[in-house]
Amino acid sequence: PTSNLEIPSEKYIEIQEQIDKKMIPFQTVDEAVSDAVEKMIGE
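Per the numbering used here, residue 934 is the first one in the sequence shown, and the count goes up by one each step.
In short, the hints are calculated from the structure, not lab data.
Treat each hint with caution, since some may be false.
[As the list claims (entries may be wrong)] Calculated lysine to aspartate or glutamate pairs in the EDC-like style (CA-CA distance at most 16 Å, straight line):
no.: 1; residue 1: LYS944; residue 2: ASP968
no.: 2; residue 1: LYS972; residue 2: ASP953
no.: 3; residue 1: LYS972; residue 2: GLU947
no.: 4; residue 1: LYS954; residue 2: GLU971
Quick caveat, the model's predicted, so the values are computed rather than measured.
Please work from the sequences and hints to get the whole structure.
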């Protein structure tokens, strides 16, 4: 998704690491990333 481009690479790696630790299903991962993007851009 294009939303991934809005996340600084370091931040995205952090999110991915948190996801890996929690073993979250992929669909939930996508939602978590989208939620993180929304928080970062303030909307």
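Holds or violated: are the alpha carbons of LYS972 and GLU947 at most 16 Å from each other? The hint holds at about 15 Å.
Checking one constraint from the list: CA of LYS944 to CA of ASP968, max 16 Å. Satisfied? Answer holds: LYS944 to ASP968 is near 13 Å, not above 16 Å.
Hint check: LYS972 vs ASP953, CA-CA at most 16 Å. Holds or violated? violated, 21 Å
For LYS954 and GLU971, compute the direct alpha-carbon distance and say whether it is at most 16 Å. Not satisfied, since the Cα-Cα distance of roughly 22 Å exceeds 16 Å.
Hint compliance for this structure: hints 2, 4 are not met, and every other hint is.
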